[in-house]
Amino acid sequence: MATDPVCGMKGKKEISSEYGGKTYYFCREACKEEFEKNPVKYTR
Amino acid sequence: MAVDPVCGMYVSEDSTIYSDKDGVRYYFCSQGCKDKFDKPEKESSALKNKLIIAWPFSLAVMFIDYLLFFPFKNFVLLILALPVQFYVGFGFYRGAYEAIKDRMGNMDLLISLGTLTAFFFSLTVTVDPHLFPVNYTYYDASVFIITLILTGSYIESLTKKKANSSATTLLSLLPDKVHILKNGSAVDLPIESMVPGDIIQVRPGENIPADGTVIDGSSEVDESMVTGEGDPVLKSSGSGVISGTVNLNGLITVSVKETGNNSTVNKIYSMIQMAAMGRAKIQKISDIFSSYFVPIVLVAAGSSAIFWYFYLRSLGNPLYFIISVLVFVSVVVIACPCAIGLAAPITLLISSNASSRDGILIKNSSSMDRLSKIDTVIFDKTGTITDNTPKVTQFNIHGDERLAVSLLYSIELLSNHPVAVAISSYLQNRNPEKIEIKEFREIPGTGVSGIFNGKSVEARRFEGHISLFIDGKELASLEIEHSMRKGIEDDVKNLIRNHIKVMIVTGDTEENTSGIASKLGITEYYCSMKPDSKADIVKKEQADGRYVMFVGDGINDTVAMKTADVGVAMASGSDIAGATGDIILLNNDLKNILRSIYIGKYTIKKIKQNVGWAIGYNSALIPVAAGVLVPLLGLGIYYVLPIFAALAMGLSSTTVVLNSLRLRTRLSRNMDQVVL
Numbered sequence: 000m001a002t003d004p005v006c007g008m009k010g011k012k013e014i015s016s017e018y019g020g021k022t023y024y025f026c027r028e029a030c031k032e033e034f035e036k037n038p039v040k041y042t043r
Numbered sequence: 000m001a002v003d004p005v006c007g008m009y010v011s012e013d014s015t016i017y018s019d020k021d022g023v024r025y026y027f028c029s030q031g032c033k034d035k036f037d038k039p040e041k042e043s044s045a046l047k048n049k050l051i052i053a054w055p056f057s058l059a060v061m062f063i064d065y066l067l068f069f070p071f072k073n074f075v076l077l078i079l080a081l082p083v084q085f086y087v088g089f090g091f092y093r094g095a096y097e098a099i100k101d102r103m104g105n106m107d108l109l110i111s112l113g114t115l116t117a118f119f120f121s122l123t124v125t126v127d128p129h130l131f132p133v134n135y136t137y138y139d140a141s142v143f144i145i146t147l148i149l150t151g152s153y154i155e156s157l158t159k160k161k162a163n164s165s166a167t168t169l170l171s172l173l174p175d176k177v178h179i180l181k182n183g184s185a186v187d188l189p190i191e192s193m194v195p196g197d198i199i200q201v202r203p204g205e206n207i208p209a210d211g212t213v214i215d216g217s218s219e220v221d222e223s224m225v226t227g228e229g230d231p232v233l234k235s236s237g238s239g240v241i242s243g244t245v246n247l248n249g250l251i252t253v254s255v256k257e258t259g260n261n262s263t264v265n266k267i268y269s270m271i272q273m274a275a276m277g278r279a280k281i282q283k284i285s286d287i288f289s290s291y292f293v294p295i296v297l298v299a300a301g302s303s304a305i306f307w308y309f310y311l312r313s314l315g316n317p318l319y320f321i322i323s324v325l326v327f328v329s330v331v332v333i334a335c336p337c338a339i340g341l342a343a344p345i346t347l348l349i350s351s352n353a354s355s356r357d358g359i360l361i362k363n364s365s366s367m368d369r370l371s372k373i374d375t376v377i378f379d380k381t382g383t384i385t386d387n388t389p390k391v392t393q394f395n396i397h398g399d400e401r402l403a404v405s406l407l408y409s410i411e412l413l414s415n416h417p418v419a420v421a422i423s424s425y426l427q428n429r430n431p432e433k434i435e436i437k438e439f440r441e442i443p444g445t446g447v448s449g450i451f452n453g454k455s456v457e458a459r460r461f462e463g464h465i466s467l468f469i470d471g472k473e474l475a476s477l478e479i480e481h482s483m484r485k486g487i488e489d490d491v492k493n494l495i496r497n498h499i500k501v502m503i504v505t506g507d508t509e510e511n512t513s514g515i516a517s518k519l520g521i522t523e524y525y526c527s528m529k530p531d532s533k534a535d536i537v538k539k540e541q542a543d544g545r546y547v548m549f550v551g552d553g554i555n556d557t558v559a560m561k562t563a564d565v566g567v568a569m570a571s572g573s574d575i576a577g578a579t580g581d582i583i584l585l586n587n588d589l590k591n592i593l594r595s596i597y598i599g600k601y602t603i604k605k606i607k608q609n610v611g612w613a614i615g616y617n618s619a620l621i622p623v624a625a626g627v628l629v630p631l632l633g634l635g636i637y638y639v640l641p642i643f644a645a646l647a648m649g650l651s652s653t654t655v656v657l658n659s660l661r662l663r664t665r666l667s668r669n670m671d672q673v674v675l
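Line by line, the protein sequences give chains A and B. Going by numbering that gives the first Met the number 0, 23 is the number at position 24 of the first sequence; the sequence numbering is gapless. Going by numbering that gives the first Met the number 0, 225 is the number at position 226 of the second sequence; the sequence numbering is gapless.
Chain A with its partners taken away, still in its complex shape (with noise of 0.2 Å):
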C-alpha cells in the first residue's frame, strides 16, 4: 500500500514518480506536480 507522500492519502498506481532510484505513488496530478518541484520535502 503506497502513501501519497504530499497529502498523506493512498496514491494511485497510474500517477507515479521516480526520485532517489524509488517510486513514489499520488493519489491525484496535482500532488505529482507538488512533489516534483521540490522532492526533497517530501521524501526525508
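Pairs of lysine to aspartate or glutamate residues, derived as EDC-like cross-links and limited to a Cα-Cα distance of at most 16 Å, are as follows:
1) K561(B) with E35(A)
2) K36(A) with D531(B)
3) K492(B) with D374(B)
4) K11(A) with D13(B)
Treat the hints as calculated values from the structure; they're not laboratory data.
Since the structure of chain A is provided, determine the placement of chain B on it from the hints.
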C-alpha cells in the same frame, strides 16, 4: 481509495456515502460517520437521548440476570433487552449493512457481529432452554456492548465539542439579522438574505456581518477575535472591515464584498475544521492497521472460537459451544479499532483549535510532521521582520505646499499599496483637499500616476523615499522607513536559545538589511534576492539536511514558502483566504513562530502516543479475549469477558480523547520559557 475522515477506515471511492465540503469530496464508511461529519453538533444530543434509554434497560437486565431468580426470567430479560438491541443499536446495524453492501469492513460490522451473536444465542436458549446443557443467556453482554460503546462515543463527542470551541465561537460572532439599506432606509433581514453588493448599516456595539468596505461613517472596530490584535482599529470611508469583528462606537455604512462561506470568519472556521481532516505522515501506521483490521479480527475471532469448540469438546466439556460463542463475541468486540482511527484526527482537531486561539491557522496539517522537525527559520525582511506599513520620517516640499499636500494625498488615496496607505494617512493630518485625479494608473514596483488639470502627476517610489512630480518637475519628497515589529528581538532570541538557525533572505539592499540583522543577532543574511533565488537558498539548506521554515508576507514569497518544509504567511485579517503557506499568522506576532514549532512537536508526540497506545491496547487484549488467560483464570472468565471487552473498547477511545485534550494546556504555555 479514500479514507473516512471521521473513523480513519478505508472507503472505496465508489461508495454512495459522501459529502462535498469546500470543493473536496469526503467518503464515509457508514451513514453514522457521515452524520458526525455533516452535523457534529447534533451527534451528542442524539447519543444522549439514546443513552437515556440504554442505561436503565441495560442495568435492569444486569440486575435481574445476576440477582433475581424466577420462572420465565429469560423472557423478561429478552423483553428488556429488545429496546437497547434494536432501537439504540440500530445505527450499528445500518453501518454494518452499508459496509457489506460496499464489500468493505468497518467498526459497525464488528460491533454488530459481537452484539447480535450474543443476542441470538440468548434468544435461542430462551426459546428452547434444553438445547444446550445449561440455559444461561447473555443479554447482559449484548446490551452492554451497545451501551458502553455508545457511552464512549458520547464522551468523545463532548470532548470534540469542547476541543472545537474556538472554531464554533468564531461562527457565533455573526449576527442573525442585518440592516440592509433599501431605497435609503434600513430593513432588518436574516443574515442569509445578504448578498455581495448590498449596502448595510452596522450600528455601535453590533458585530459586522460580512467582509466589505466602509462607504460612510467612521468607527473604532475591535478585530481581536479574528486577528488576535488587542487594540481597536479606526475604520473610515475606504477601510476594509472583516466579518465577525465588533463595531465599537460609530455608525458605519458598509458595501458588502463577501458573505456566507466566502466571508473571512467562515473561511477561518473551515480551515480549523479542515486541519483536523488532514493526514499526518504518522497516520500511515494506523492506516495500515485499519485497512487490514476487519478481516484479521474476523479470522482471529473465528479461529479462536473454532479452537475452543474442538478443544473443549475433545476434553468432554459440555459447555464447548457456549464458550466458543463467547470467545467469538469477546474477540470481535475487544478488537474494534475505534481508538486507532481516533488517535490522529482528535489530536489534530484539538491542536488546530488551540493554535487558532493564538492567531495561528494551520492550513495544511500534512505539514505537521515537518513542522515538528524545523531547525532553520528563514525570515523575509520587509513586511515580516519589519512592519508592512512604513512610516513617513521626513516631508520636503519644493513649491506650493497646499497643492503638494492635496495632490499627493489624492493620488495615493487611490492605491492600496502599503506605502500609499502610509502616505495618505500621514497627510490626512495636514487637512488636504480631495482633488479629482483622472486616468489613474498604478505601476507595480514604481508608483502611481494620473492627470490633474491636463498636467501629468506622478508619485514615484525610490529606495527609501517617494517623490511627487508634476509634468516631470519634482514638487515634494517624503522619506519613509520600515520599523521593526514590536518584540521581534525577544522572538529571535527565543528561537536561537532553542538552537534554531535564524536567517534573513530579502529582496532589499545590504544597506537596509545589515543593521537590522546585527540588531537581532542574526549573522547569516542574503540581500537583493529575487523570488527564485530565495527558493534556491531554501533548497540549499534542505540539501544540508536541515528542515526549513520560510516566514514571508504570503504574496511575494510564494515560491520560497512552497519550497520550504513549512511556509508561514503573515496575514492581516482579510488576506487569509489568498495567503499561501502551510501556516498563517493572523496577528503578525512573531512569537507564534516558536509557538508553531512547539505545536508541531507536541501534536506529533501526542499522535504517536495515541497510535502507540491504541495499537498496543488492541495487540494486548485480542489474545486475552481469545483465551490466553484461561489456563490461569479458568473458563469462568468468559461469563464477564464480553462485557469487559465492551468496557475496554469504550475506555480505550476515551483514553485517547482525554490524552489529546491535555495538549490544550500544554500549548497555552508562555513562549519565553519554552524549551523545545
